[in-house]
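The hints should help you fit chain B onto chain A, whose structure is shown.
Protein sequences appear in the order of chains A and B.
If you're matching positions, the first sequence starts at 0 in numbering that gives the first Met the number 0 and goes up one per residue.
If you're matching positions, the second sequence starts at 0 in numbering that gives the first Met the number 0 and goes up one per residue.
Think of the hints as simulated: they come from the structure by calculation, not from any bench.
One or more of the hints may lead you astray.
For chains that are exact copies, the list does not tell them apart, and a pair is met inside one copy or across any two.
Said to hold, decoys possible - Quick list of in silico lysine to aspartate or glutamate cross-link-like pairs, EDC-like style, CA-CA up to 20 Å: (1) K358 - E347; (2) K332 - D469; (3) K54 - D508; (4) K526 - E310; (5) K320 - E355; (6) K513 - D244; (7) K320 - E492; (8) K437 - D261; (9) K358 - E340; (10) K179 - D261; (11) K222 - E250; (12) K530 - E511; (13) K530 - D50; (14) K55 - D508.
Protein chains: 2
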Amino acid sequence: MRAALGQFNAVVGDLAGNAEKMCEIYAQAVRSDVDLLVFPELAVCGYPPEDLLHKKHFLTDCSLTLDKLAADCPKKTMIVGFAESYQENNYNSAAVLQDGRISKIYRKAQLPNYGVFDERRYFLPGNEPVVINVGGLNVAVTICADIWEMEWLINFLRDAGQIQMILNISASPFHIGKIKKRQEIVSRCAKEFNCAVAYCNLVGGQDELIFDGRSMFADSNGKIIAKARAFDEDLLIADIIPTTDGTVQVEPMQTAAPQPGDLADEIYQALVLGTRDYVGKNGFTKVLLGLSGGIDSSVTAAIAVAALSAENVVGLTMPSKFNSPETIGDAQKLARNLGIEFLTIPIEPILEQFDEALKTVRGWNSEGIAYENLQARIRGSILMSLSNQFGSMVLTTGNKSETAVGYATLYGDTAGGFAVIKDVPKTMVYTLAEHINKISGRQIIPAAVLTRPPSAELKPDQKDSDSLPDYDLLDKILKGYVEEDKSAQQLVELGLSRDVVLRVIRMVDRNEYKRRQSPPGVRITPKAFGKDRRLPITNRYGSCKQ
Amino acid sequence: MRAALGQFNAVVGDLAGNAEKMCEIYAQAVRSDVDLLVFPELAVCGYPPEDLLHKKHFLTDCSLTLDKLAADCPKKTMIVGFAESYQENNYNSAAVLQDGRISKIYRKAQLPNYGVFDERRYFLPGNEPVVINVGGLNVAVTICADIWEMEWLINFLRDAGQIQMILNISASPFHIGKIKKRQEIVSRCAKEFNCAVAYCNLVGGQDELIFDGRSMFADSNGKIIAKARAFDEDLLIADIIPTTDGTVQVEPMQTAAPQPGDLADEIYQALVLGTRDYVGKNGFTKVLLGLSGGIDSSVTAAIAVAALSAENVVGLTMPSKFNSPETIGDAQKLARNLGIEFLTIPIEPILEQFDEALKTVRGWNSEGIAYENLQARIRGSILMSLSNQFGSMVLTTGNKSETAVGYATLYGDTAGGFAVIKDVPKTMVYTLAEHINKISGRQIIPAAVLTRPPSAELKPDQKDSDSLPDYDLLDKILKGYVEEDKSAQQLVELGLSRDVVLRVIRMVDRNEYKRRQSPPGVRITPKAFGKDRRLPITNRYGSCKQ
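Same shape as in the complex, but just chain A (with noise of 0.2 Å):
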């Protein structure tokens, strides 16, 4: 029996786009002789639809692309996920297309509501197995979180007879670790009920959602035999073929697709991913960023060029006194290495004419923070002022080390539609910096950007350090209280400082109406600011008392 996993970039709520792709995709797979053609968790839809589920007309529309879907392709056995309304109730579920109509229909039971699924909001669980036959071979059908409940799965599955392949369709969302993750779920799986495994996961970036692809075939020692690209469209196909010895073996059509090299590589596709979906899926062409000359909007430019091109990127510097000719050199020397269109707009008569109003305000500082955040909002100003003239989107430049302790001025450099690296730790910015100069194989991001210390430039002689502890050790308590939901107590039994560990705390925990007002971005850790961590901004659980 053949197979194919239709590994496509579904676009959230594009109906006649998505069945369109699919389409072509069916008229491939015709041409390979497939016996089954598998698309991923709400294919037709796209994942996660969110509210649009909330819509009657959005159900009916669904179910109409479907059928029109299935009349359209009706030479093959195709699985397709779609949102279904049955019976007053709303399912995840999975149609079984065969002779230009539905033939069956697979509704997902076990429904995640946590990290950044909200299933059950929108969904019965389905409570009944459904395996079919195809070309000879029984097929069982689950949907993402099924096979990840190992054990509700084999009772689920215990009156099912003889499988010779669990197919699973997903919309399995990228971070750092998860597809080692994915590879033990579906090689435990093969070997549990001794079949292959069929694993179809989506592609594409949706929100602040990365869909890594990687589909893959196990045989059913639980080897994967067979892997989809990384990030990227593809169709992989296989032969499923049992043996008389009871074991079912799988044969790759194509050679092996290319993965990514190491974490660094990993991340830094997923931006770029990430970064092209969300500017190109909402009608966007042209990016627009400030360029100061530090790894932040160095790194960022990097990523939106390999993500749109070189002419769709613009990198604007806004110098003011405190600006260095150093860091206006490497913003410079960065743009052209890139070969990106550069700007020069000096923000000094700007700030001179907003310290004279604001000078007539009794105890207004023309030096404090409330004077340097002013800078950045001038910035933030002539940035969107260029985005809304010309229709280009502005990328801001945030990492995860300052969104989370609030190290950025709201309404200023936070200002903008996509926040690339905000859920990219300082350190690891630093590590994506080399990664995009060693796979240039020059030096795209200057060798001084990489050395001088972090500095935002907004009063003389300003560092980072002046305000945050050094980045190795921020990175380290905000893993801990960030990403692992550690108590300042925790951090401190794992040698930390108290005092800088209770200072981060207390800033991280300060700081959450700035990210409630912050623009999306790529996740790529399991724990990111975003659907995954929902705290209120009015909140008096206290550092001192964690």
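Only chain B this time, still in chain A's reference frame:
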């Protein structure tokens, strides 16, 4: 049996503070010789604690706080809502405190996971009824949604024996029309079980949510006998008296608390409480807002004064060449009427410098929309500069109608900490203005503000009606589309113009990104922009197809 409902303003995360308040109320209840003292759902930690519940030490602290509370209040039976970690799972629980310790625990069975609620994210449902005997009466303990599922409840309590009172501890957020539903539920519950119902609700503002109190007792005929204050703390005490004919009577110990006079009054009180609590609970005393001489900023300022008193509110006019002497005069008049400080900072010189700088970029248009937005951003930057300098929170003044269609400048008029009227449709803003003048007994908001056609005053002779349909029509469409999830087709069938409907829907859909970066504000409708309505930014579900 004498029961008291301790409707108090819990602060999320302030475990010690909440416990202290409960101790004070306990002392009061002891003086009133009550048998049973009841506190709201999750009274120990406030509602909703959101992802604080993912911190193990938070749950430990909740438990320690509860133990101490029990020890501190040994003389009466108390019911206290708390977040419970039990056998590796979390529950939304009600502790029965007696003789200085926890004698029983009821675990909420119905966990809402829709609208603003995410309880399945945090809790497992309980499945055992708890009936306690207090002063000779059998009292069944329930939590919030438990009594909203009547058929389930009847079954759940089937074997619980004769019950004289059902107790319900709630954190039921306010929206227009909610109190009516609540009374129906309480009344129906009393009739179904032929017993008294004691309903204790939370009060206070928590980020976007307002808890309106209005705790109540119903007798076994389903009649609401006593109702606590709205939007304020209260201790409602009544005697619960079973009679020989099998009914249960309720005799209140106080005269009836005053209730909101009408819809405008109810909304007004919600906005005042929400503003007071967001500002105060986040550690601010003073607020700052731009006064344009328009209706939105006028109403916002009046609410701020009611919430925080005149000396804590500063109004700012920031005129450009497009502002008329009439609107500037009205802003000044309003400030005088409210007795607040009034500052004037003209933006013209700053605008000119921005324009000079931006003109260096080919294609910049000194008369276009970018130039209009720039004026709003200069104002936002001035407000934020003063906020940073003086530590006052900026209130934004956008209403629900313009928030819906994106008729606002991101980082301009949306810049601030709290959006007081973000869930108030424009047509209701007028009603509120009239209400404010009525309760003040004089024209606080100048007559001209109520009659002048609304304008953003960002270019010569601009009117809102140049860009938007009449607000009467707009608000009708928005109610249908946003609050009721109707399709374009359904709205057209209600007799609304197809072109206008499609144009409005397109505006709503396209401006999700702006709303996502806007500050929180008071929720007053059944579906606000916020946790109620979670739509993807990247979304191609087209208005044309709806």
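Regarding K320 and E355, is the shortest C-alpha distance of 20 Å or less found within a copy, between copies, in both, or in neither? both (17 Å within a copy, 18 Å between copies)
Up to 20 Å CA-CA - E347 versus K358, copy category: For K358 and E347, the Cα distance is within 20 Å both inside one copy (16 Å) and across copies (15 Å).
Is it within, between, both or neither when you check K320 against E492 at 20 Å Cα-Cα? The answer is neither: 44 Å in one copy and 61 Å across copies each exceed 20 Å.
How would you label the pair K222, E250 (within, between, both, or neither) given a Cα cut-off of 20 Å? For K222 and E250, only the intra-copy Cα distance (12 Å) is at most 20 Å; the inter-copy one is 73 Å.
Please sort K437 with D261 into within, between, both or neither, judging by C-alpha distance up to 20 Å. within (12 Å within a copy, 69 Å between copies)
With identical chains, the pair K358 and E340 could be close in the same copy or across copies; at 20 Å between alpha carbons, which is it: within, between, both, or neither? Only across copies: K358 and E340 sit 17 Å apart there, 37 Å inside one copy, limit 20 Å.
Is it within a copy, between copies, both, or neither that the alpha carbon of K55 lies no farther than 20 Å from that of D508? between (39 Å within a copy, 17 Å between copies)
When no copy is named, should K513 and D244 be tagged within, between, both, or neither for a Cα gap of at most 20 Å? neither (61 Å within a copy, 61 Å between copies)
As a check of your reading, is K179 near D261 (CA-CA no more than 20 Å) within one copy, between copies, both or neither? Answer is within: at 13 Å inside a copy they meet the 20 Å cutoff, but 60 Å across does not.
When no copy is named, should K530 and E511 be tagged within, between, both, or neither for a Cα gap of at most 20 Å? both (13 Å within a copy, 16 Å between copies)
Up to 20 Å between alpha-carbons, please classify K54 paired with D508: within, between, both or neither. Answer is between; shortest inter-copy Cα gap is 13 Å, intra-copy 36 Å.
With identical chains, the pair K526 and E310 could be close in the same copy or across copies; at 20 Å between alpha carbons, which is it: within, between, both, or neither? neither (34 Å within a copy, 43 Å between copies)
Taken one by one, the earlier hints fail for this structure at numbers 2, 4, 6 and 7, listed in ascending order.
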